[in-house]
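Required output: the full structure, derived from the provided sequences and hints.
One letter stands for each residue in the lines below.
Number of protein chains: 4
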Amino acid sequence: MQPLGVAVIGAGYWGPNLVRNFASSGSWRLRWVCDFDTDRARAVAGHLGDVRVTADLGEVLSDPEVAAVAIATPAASHTELTLAAIDAGRHVLVEKPLAATAADGAKLVAAAQAAGVVLMCDHTYCYTPSVMRIRELTHSGEIGDIQYIDSVRINLGLIQPDVDVFWDLAPHDLSILDFVLPAEFAPLSVTALGADPVNAGRSCVGYLTMPLRGGGIAHIHVNWLSPTKIRKTVVGGSRKMIVWDDLEPSQRLSIYDKGVEISERPLDDRARRLVSYRVGDMVAPALAETEALRGVVTEFADAIREGRPARTDGSSGLRVLRMLEAAAESAAKGGQAVPLPTEGKGLPA
Amino acid sequence: MQPLGVAVIGAGYWGPNLVRNFASSGSWRLRWVCDFDTDRARAVAGHLGDVRVTADLGEVLSDPEVAAVAIATPAASHTELTLAAIDAGRHVLVEKPLAATAADGAKLVAAAQAAGVVLMCDHTYCYTPSVMRIRELTHSGEIGDIQYIDSVRINLGLIQPDVDVFWDLAPHDLSILDFVLPAEFAPLSVTALGADPVNAGRSCVGYLTMPLRGGGIAHIHVNWLSPTKIRKTVVGGSRKMIVWDDLEPSQRLSIYDKGVEISERPLDDRARRLVSYRVGDMVAPALAETEALRGVVTEFADAIREGRPARTDGSSGLRVLRMLEAAAESAAKGGQAVPLPTEGKGLPA
Amino acid sequence: MQPLGVAVIGAGYWGPNLVRNFASSGSWRLRWVCDFDTDRARAVAGHLGDVRVTADLGEVLSDPEVAAVAIATPAASHTELTLAAIDAGRHVLVEKPLAATAADGAKLVAAAQAAGVVLMCDHTYCYTPSVMRIRELTHSGEIGDIQYIDSVRINLGLIQPDVDVFWDLAPHDLSILDFVLPAEFAPLSVTALGADPVNAGRSCVGYLTMPLRGGGIAHIHVNWLSPTKIRKTVVGGSRKMIVWDDLEPSQRLSIYDKGVEISERPLDDRARRLVSYRVGDMVAPALAETEALRGVVTEFADAIREGRPARTDGSSGLRVLRMLEAAAESAAKGGQAVPLPTEGKGLPA
Amino acid sequence: MQPLGVAVIGAGYWGPNLVRNFASSGSWRLRWVCDFDTDRARAVAGHLGDVRVTADLGEVLSDPEVAAVAIATPAASHTELTLAAIDAGRHVLVEKPLAATAADGAKLVAAAQAAGVVLMCDHTYCYTPSVMRIRELTHSGEIGDIQYIDSVRINLGLIQPDVDVFWDLAPHDLSILDFVLPAEFAPLSVTALGADPVNAGRSCVGYLTMPLRGGGIAHIHVNWLSPTKIRKTVVGGSRKMIVWDDLEPSQRLSIYDKGVEISERPLDDRARRLVSYRVGDMVAPALAETEALRGVVTEFADAIREGRPARTDGSSGLRVLRMLEAAAESAAKGGQAVPLPTEGKGLPA
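Protein chains in written order, with our numbering: chain A, 1 to 349; chain B, 1001 to 1349; chain C, 2001 to 2349; chain D, 3001 to 3349.
Derived from the structure by calculation, the hints contain no laboratory data.
Worth double-checking, as some hints may not be accurate.
With a cut-off of at most 27 Å between alpha-carbon atoms, the simulated BS3-like pairs for lysine-lysine come out as follows [what the hints assert, rightly or not]:
id : chain 1 : residue 1 : chain 2 : residue 2
1  : C       : K2229     : D       : K3232
2  : B       : K1229     : C       : K2229
3  : A       : K232      : B       : K1229
4  : B       : K1232     : C       : K2107
5  : D       : K3229     : C       : K2229
6  : A       : K229      : D       : K3229
7  : A       : K232      : D       : K3229
8  : C       : K2229     : B       : K1232
9  : D       : K3333     : A       : K232
10 : B       : K1229     : A       : K229
11 : C       : K2333     : D       : K3333
12 : D       : K3232     : C       : K2232
13 : B       : K1229     : C       : K2232
14 : C       : K2229     : A       : K229
15 : D       : K3107     : C       : K2232
16 : A       : K232      : B       : K1232
17 : D       : K3333     : A       : K229
18 : B       : K1229     : D       : K3229
19 : B       : K1333     : A       : K333
20 : B       : K1232     : A       : K229
Derived contacts from chain D toward chain C, CB cut-off under 8 Å, selection only [stated by the list, open to error]:
id : residue
21 : A3075
22 : N3155
23 : I3159
24 : L3193
25 : D3196
26 : I3262
27 : S3263
Here the structure is a predicted model, which means the values were calculated and not measured.
Glycine included, C-beta positions come from ideal geometry on N, C-alpha and C.
Set out below in structure tokens:
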């Protein structure tokens, strides 16, 4: 199988990680590193034999062996660069967020669809062994109906100068949510409430609540002011329940065979429901300690070769943007619920 | 100091605990146990020498040595029994909730005020060593301004036949919130969202969000469907931060000397704020292992003798009822924020 | 099935627990509570209809409906009382330690064998759901060969006036060890080292090391001077490994599918061994929350009815005494290894 | 202050770390990297401007600007290389273990003393913020008399082809023990028992027990066959007690104000001792997250400049070797106690 040629655009914070993973992947042949700062690009590409360096995207796109580009520039430039690549018939992997606004994100999704190229969003967290396993459990039906997802991502964190705590931290949780929730449990609306008790000029503590199709609920707590660090997500299902504690390397995932069962048949003339509890074993599966970004570049190649959408395709990036915008709107309106598009996953509105 | 005569009304679930604590307190002389089921009352009082038993509240209230009554009957009867005792000039301790509705609760507060008697609500949790210490820290100013309170009370719990998860679990958190929050950080409104993913006919998972005066926020997560049991409250302050983990007997309270400080002075013409972090030691104070209910009966006696409101007086019980009713209204309206009365703590509206 | 008549001798600390469990067991009919202090015996037996009280063991043993006696008196009296009961043809359950010395213990075992009665030692811990499960895992071969057992039982504990930390705490671990270790992994010798850094006049910190048949090793750490409380036992097997944390009610047992495998075949002329590692899932089994003492009284009845030794029979009590005496001898000799009898389990020496 | 010239000998596993720390330290000027494999040496030194590379130690020692050498070669070569450097009048930092045998180690200590140069052993762990703080607590008297030290260092670890678990893991604990124990609590003897239940040809599980001067005891548990990873040390003192959990980044050190106090005065004619307990607060100090090796190179420079022994001088390296050899001898003799030299710390025997 011939490796695909790829160019990495942007040699800043995230670019070197992409360079390293493309360079070491058998599915890819890294051809270019492109950055306005060509010294930086050269430093990143330097130790790799035949990788060329340029400040000019046009030069990259005129190379017929470049089948795909990976964009790791600031979010404000994603739309322009991605459109250029799509127009040139290239497949594109975009660092999250997909674009600066949902409107722009929708343009990218539509353009990629029209051009018949793969547009993938680099939701790296989704390719960790833990999240991959959660997705298997939720999509195979093994955990049953999704009852709730509760995610906590808090610590004494750097207060960002430009974004609030929702835009800084919640994209992780929202992209994971989108990845693990089957369409029949998709979020219906967003209620967000934030607080800025330190007068930072933006929310430093935030709560997101999202009723789900099927009667369940999702909730995210993000917080820059917590004395302790917590990265924990609970997924409650009708058959099993999952606790994912990302700070517990020896037991990241715990899968509980626990549940509540309610018999719908009226028991007697009082028509009371019968509630029963199931408390079985807990299993903490052995998980590989593989780098998530390796899974990202592999999935990108596989989607291109198989002519299918990537598992975190442009639409998933767009859905995350829509949830973030809905959250911002809700928070601005004091926590009023803001509905989400209902077309279902995979269909850009 | 002469012990005060007291009668316990209700010999069901909670009554025996009150009987035991009044009987062993030097501040009190237990004179009556009153219950429709006098066999039950006798069983509860049996081992105690001179305690009399009756099914008739009138008999109790005609005993001039009864200075106070403690009511531990079902909530539906609280209003009638409490009013009867107040009308007879007796001080009253009422098991939570104070009354079945906030309107009834307000009547009780007004009646007690008019009669000049002490009306106290038995918010037992507030008298645990952990919560007492948190109150000292919040009221003394030691933790600084309250930035947020985040409380989680979840486990695979019994689904109650008559109440939802908000009314079952949140009263604990709300009474603690009311107890530890100084008036200048009182809650302004309630946004509640619940879910019933098991078709139990009532919310089994619930989230309560409450903006606070001063810019902070309070949040409560109650859940009957969690595979793991958590009872944890974080109080973020501008000077210190507290984690209370009630399931960690060896380290229930952790007080962190951590914080974020924002300098209000514009640093330069871009007027950016200066953010700095403080990370100091953590202290886990040694706490006595005393029974909370002993603190309740002592506080009741002290309030009577000193002619002052109890620390969990009728007004606090009324505020908790108002928050619960606001939560129910908000949940029924899909999470619309419901404002709380703004008169301040201590002043019934 | 006719319940067996039983008498409880000793109404002090442990007697009431035996009384409660015999009285509520369908296998037993409690007939007597016997104590020098008949008031105490009466208080313990009081609420139970037809239980008689006496200070005279002779009276108990002359009751033909008493098939068995349970002895919960101070250790110094165990030998005399147990021998009297055995001589009278009664089955006997003895609180641990079986006797004050191994020599006395051996007498009891021999007498019971001669009389053909069941002699059982109340090693209560062995009947907890956790230890029962560990025994199943070790005796079924599921965990493979026993590589080591490491047990830690430490906290800031009461310094006993009469016994050192070995005699106070290690009997728990030694009786568990004896219960879970198959005979082919029995301990071969004891090396004990203690310290008395507070000048209490007896060891307050102690370490016991016991090489096992088959090449493994057992180790016990007991300590009255530890700032934190730990009750943890690890059982390393060639197929699986168990961690039992008795202070973690939500996950007491963790069974790891982990191991090291060494290929015995020389790999090449350097004859190096091939080491490989296996890291599979961990399972935390759901365990019933039953009272251990209920299992003790049931096993006592079953052993009598089935004419077989109890699972914690007199011999196991004797082996524990021998290990304790060997530990005392070793500690007195500065940690010299003291061999244990090699006859194997089940065979009194 | 003029930086001191230094050469790093050995560019294998540890050498690059030394190179990085010497190169970035203001106290040092790195002049040479010396390794038989000069390509390797060049790769390690490559990015650093004026560092020269050689395979010849003689060339290094003939450079008059080299004041000190740091040796990071295999242990078997430490003695020869260190003696050569000492003979050339250079100060030497040696990676642990100081030498292959205690006899060799003693030669190095004597040679350095005769030559008047600093001989320092790179016990890196001792320069972590946690261990530095423990040493302050033990040497300042703040924790009082040392009652015991209990250290556990276990996991499912790589079985080493050449050394047993004692030589692989215990040097960490022994060097820490030597570092934090004041001379009046120095170890008196070593009892070691190991087991090889997997037939690896060497001990895979080991226990080391060491009575201390003053009546206390030290104990080390090292294990390659544990399903869970533990790195925990408890230091019990008469005034305070310390728990160091190196795998708990958010709370590595916990300092308990707990203790047992025994009044020596006879209380009455029964002459019983009065035992009392003190249970105060626990403090988890904020610790800097600095690299330990930076502390090593700074201490090396300071010791040279101040003409004093380094805190982990050659004698400490020698004491660790003696404890390891005593452990090997004890284990070979089935756990017989092997005495340690009693000359006291700081004095090579």
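A quick look at each hint next to the structure:
no., hint, in the structure
1, C:K2229 with D:K3232, "14 Å, holds"
2, B:K1229 with C:K2229, "21 Å, holds"
3, A:K232 with B:K1229, "14 Å, holds"
4, B:K1232 with C:K2107, "55 Å, violated"
5, D:K3229 with C:K2229, "19 Å, holds"
6, A:K229 with D:K3229, "21 Å, holds"
7, A:K232 with D:K3229, "21 Å, holds"
8, C:K2229 with B:K1232, "21 Å, holds"
9, D:K3333 with A:K232, "51 Å, violated"
10, B:K1229 with A:K229, "19 Å, holds"
11, C:K2333 with D:K3333, "15 Å, holds"
12, D:K3232 with C:K2232, "14 Å, holds"
13, B:K1229 with C:K2232, "21 Å, holds"
14, C:K2229 with A:K229, "25 Å, holds"
15, D:K3107 with C:K2232, "44 Å, violated"
16, A:K232 with B:K1232, "14 Å, holds"
17, D:K3333 with A:K229, "49 Å, violated"
18, B:K1229 with D:K3229, "25 Å, holds"
19, B:K1333 with A:K333, "15 Å, holds"
20, B:K1232 with A:K229, "14 Å, holds"
21, A3075, "20 Å, violated"
22, N3155, "10 Å, violated"
23, I3159, "5 Å, holds"
24, L3193, "5 Å, holds"
25, D3196, "6 Å, holds"
26, I3262, "5 Å, holds"
27, S3263, "10 Å, violated"
Checked against the numbered hints given earlier, the structure breaks hints 4, 9, 15, 17, 21, 22 and 27 and satisfies all the rest.
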